[in-house]
Amino acid sequence: MSEPILQVEHLKTYFATGGRFGKHPVVKAVNDVSFSIGHHETLGLVGESGCGKSTLGRTIVKINQPTGGKIYFEGKDITSLKGKELKDFRRDVQMIFQDPYASLNSRMTVGEIIREPMEIHGLYGSTKERDEKVCQLLETVGLKPDHIRRYPHEFSGGQRQRICISRALALNPKFIICDEPISALDVSIQAQIINLLQKIQEDTGISYLFIAHDLGAVKHISHRIGVMYLGSLVELGDSDELYHNPKHPYTQALLQSIPIPDPKVERAKKPVEISGELPSPLNLPSGCAFRTRCPHACERCAKETPQLRDVDGRQVACFLYK
Amino acid sequence: MNNLELKDMEWTEDLFEPLDSSEQNSEFIAMESKTFLQDSWNRFKKNKLALVGLVFLVLMILMAIFVPMFSKYSYDQMDMTALNQLPSAQHWFGTDKFGRDIFVRVMYGARISLAVGFSAAIICLFIGVVYGGISGYVGGKVDMVMMRIVDIIYAIPSLLYVIFIMLIFGSNVWSILMGICVSSWVGMARLVRSQVLSLKEQEFALAAYVLGASTSRILFKHLILNCIGAIIVNVTLMVPSAIFTEAFLSFVGIGISAPASSWGTLANEARGLIESNPIQIIWPVGAICLTMLSLNFIGDGVGEALDPKKK
Amino acid sequence: MSLLEVNHLTTQFTTEQGQVQAVRDVSFSLEKGEILGIVGESGSGKSQAMYSVMGLLASNGRVTEGSIRFNGTEIAPQHFAGGMKEYEAHMRKIRGNEISMIFQDPMSFLNPVLNIETQLVEPLLNHQHLSRQEARQKAIELLTKVGIPSPEARLKQYPHEFSGGMRQRIIIAIALACNPKLIIADEPTTALDVTIQAKILQLIKSLQEQMDSSVILITHDLGVVANICHRVIILYGGKIMESGTIDEIFYDPRHPYTIGLLGCVNNPEKDQELHPIPGSPPDLLQPPAGCPFVDRCEKAMKICKRMPPPVSTLSPTHSCSCWLEAKKEVLK
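Line by line, the protein sequences are chains A, B and C. Quick note: the first sequence uses this note's numbering, first residue 1, plus one each step. Quick note: the second sequence uses this note's numbering, first residue 1, plus one each step. Quick note: the third sequence uses this note's numbering, first residue 1, plus one each step.
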């Protein structure tokens, strides 16, 4: 693989809890995560709510400050960017959010919303040229140019998410972080959005970090998938291989839990082995974070923290594989 | 649909020809496109009380502007031949103990009272929105310091400020205005801060941040624009309270002094004659009451129109 | 006799923009001991149809037509001579007792300032007239049944002390309190993580078998349907598109919408490409005159735009409203 577009090394994002005074426990939302994404590549990031996947995405676009570690974009460390350099970085890296209802300013028309990034960065000379570009973007995402004067609340969820996508595309970014862009949408619309994102990638060669809690949806768009549990990556590998032959017990449980739209398969399925629920992120278990729910947990899991290691061409953080 | 109907119809193959794709319009939106203000105005119009209030207020403002301009009497023109007259064709509201026309004086008073009310509200609006907005958006230590200052200002009764400022600058309209503003912008600042605090975590604000928008753009174009509803409601309720404060101060004699007249001074003057000429106090008090009432109706109407869920 | 029989149910909402026809001419029946899935996208009317049955419509919503027969008695609001007052009184006896409901968001259903015991015991005291002691005993039983460890200690706790999955178990316990004949579950697992969802589905399935009650499961997830339902109804634009047993719907879908929906979801066994349905759902302020799906349908015909398709019966359990099926009959 050539030079990656984004490289994350030992990234940590912690949040302090509680008030201003005294000592308070920290939430280790992202705990020592490393990965890289190549040009023209999509990395899927999967995990249950509270596993830190959204925080990871938000740290990369600098909404949250990292507590430690480095993020390189096109070889340049971006953790301490400021001023002009930060603004240039913003042109290259965009984000699509989860809730299409909250992520559009309800007091602005669709035209104003999509034009805004161009105004901020001074792209295209006049308002007229910008409007032409807006119409072009609306058509790219399957909406009509005459929607330009309408307000967000007049659109359905899927249409709104497409408006969000065209806003993110307005700056011709090289990299987009999709923070659960489909989980608030209907099934038929989810597939639309996934196909749209894929088509954009084919046309422009853009890279994605695609965050979701649904492994099934992620598999279609991702080249590689990373699975997160309580702030750490537990498995990272090629999407088809990971999906058909999961190695980490957590990935296995996650896959087994997804209900499959096929009654015969569902009837034949064994009950899910995973027990209990996510432990509190304030008080992580010692060693492997998953050991409290893992059917294969042994003594070693409580003592040592497993690191990501190469197993059959992919990376797994589990002592089952040596 | 029942199946008998189906039997009656002529069924031909051409009914089952494929539909031309140009006839499919799945991105169709039936809802009429309306801006936020149009939408709110339509809701406001449905509230009859608020509409009556608005009409009354507009009339009052027009009269306050034009009556003193075109009347043959002026507010301080005395006429010793017509003291304490009852309402008549010449003097619609009668005359006071110096023979001045009360109608003109009430309308002249309306100028001062309404001007004080509206300018206080507008000044507080600007200070409060900027202060509260910055405090809420920047957060952290800045917010902490800014809000403690607000707390201190809030802790001292507003009358004290007014009296203090009047001692220094003398009793005129400007010091009353200043006094009212000093104490009442903090309410607006607190309101805007709390709104901004909750809005800034919303995804549309984060999206603007990720797009590289400057702090002032995020604050004013995105956050403040989205709490405009609450701000407008607050302003419409701030106007009557400022008018009332001014009237109260003038009534107790520390506000605007004669011969200039505000509704408060007029009421104060008429107080002395309440036994012999009780009708004289009705005019300024009535003006205050009706204006208050209509402003409050308007405030209610605006509140409902801007936030239809809150009823 | 079916437990629940709904015929030609039509529900409208009055909004500032006009009349929204949320449910249009919906008919179905539910047998005893059956799990029926109602599948549809947001805005398809799936929740509103069930709220109409329960009498839980928002104040601007109204059942305008149709009949709802529960256990042989008519419970559609317009059939009550005494008006809404009599209807409300009647429904209060049924709700939480004979029909109970499980909502999507457990946190908004549970009262945060009351402990679990109070909330669990309330329906028992109201409907079953048990003594406080008996009710408490029953509450502990219920918590054990839904798989909450050390139920006696947990009775005294408040909703925020439970995790999302545990809260949903409590909701299920409350729903089961009076041994209802019918449980309506509105997206019971949507707010939960997949691993927890799997557990809750297992729980609902095993409880349904034990108690032999009927369940209506409102969901947008075909995987969930395949997992626990016996029969399924596909709703779109306020109308029933297709209904049948899960095998009929999953292996022999006839309606283009059903086929489209199955093409949108990921099925690892087939490993196919995703085939999204283009466009957006219809605007129910002005629903299309013919089939609601006409604007997004690949196989749309001229007739589809003009007339709503009649219901074609394909088997005693399988029916479909599509001109593609009706065509075969009328052109004979």
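Since the hints were derived computationally from the structure, they do not count as laboratory data. Beta carbons are placed, not taken as given, at the ideal position from N, Cα and C, and that holds for glycine. Honestly, I wouldn't trust all of these hints.
Claimed, not checked - Only pairs whose alpha carbons sit at most 25 Å apart, straight line, appear in this in silico SDA-like list of lysine to any residue:
{"id": "1", "chain 1": "C", "residue 1": "K145", "chain 2": "A", "residue 2": "P295"}
{"id": "2", "chain 1": "B", "residue 1": "K200", "chain 2": "A", "residue 2": "P295"}
{"id": "3", "chain 1": "B", "residue 1": "K45", "chain 2": "C", "residue 2": "K328"}
{"id": "4", "chain 1": "C", "residue 1": "K305", "chain 2": "B", "residue 2": "Q24"}
Unchecked claim - In silico negatives: residues of chain A with every beta carbon more than 10 Å from chain B:
{"id": "5", "residue": "Q94"}
{"id": "6", "residue": "Q98"}
{"id": "7", "residue": "P117"}
To be verified - Chain A is faced by these chain B residues, among others (derived, beta-carbon under 10 Å):
{"id": "8", "residue": "N47"}
{"id": "9", "residue": "K72"}
{"id": "10", "residue": "I123"}
{"id": "11", "residue": "F204"}
{"id": "12", "residue": "Y209"}
{"id": "13", "residue": "G212"}
{"id": "14", "residue": "A213"}
To see whether the hints hold, each was checked on the structure:
no. : hint              : verdict
1   : C/K145 <-> A/P295 : 24 Å, holds
2   : B/K200 <-> A/P295 : 42 Å, violated
3   : B/K45 <-> C/K328  : 55 Å, violated
4   : C/K305 <-> B/Q24  : 9 Å, holds
5   : Q94               : 7 Å, violated
6   : Q98               : 7 Å, violated
7   : P117              : 5 Å, violated
8   : N47               : 22 Å, violated
9   : K72               : 50 Å, violated
10  : I123              : 25 Å, violated
11  : F204              : 5 Å, holds
12  : Y209              : 7 Å, holds
13  : G212              : 4 Å, holds
14  : A213              : 5 Å, holds
Violated hints for the displayed structure, listed by number in ascending order: 2, 3, 5, 6, 7, 8, 9 and 10.
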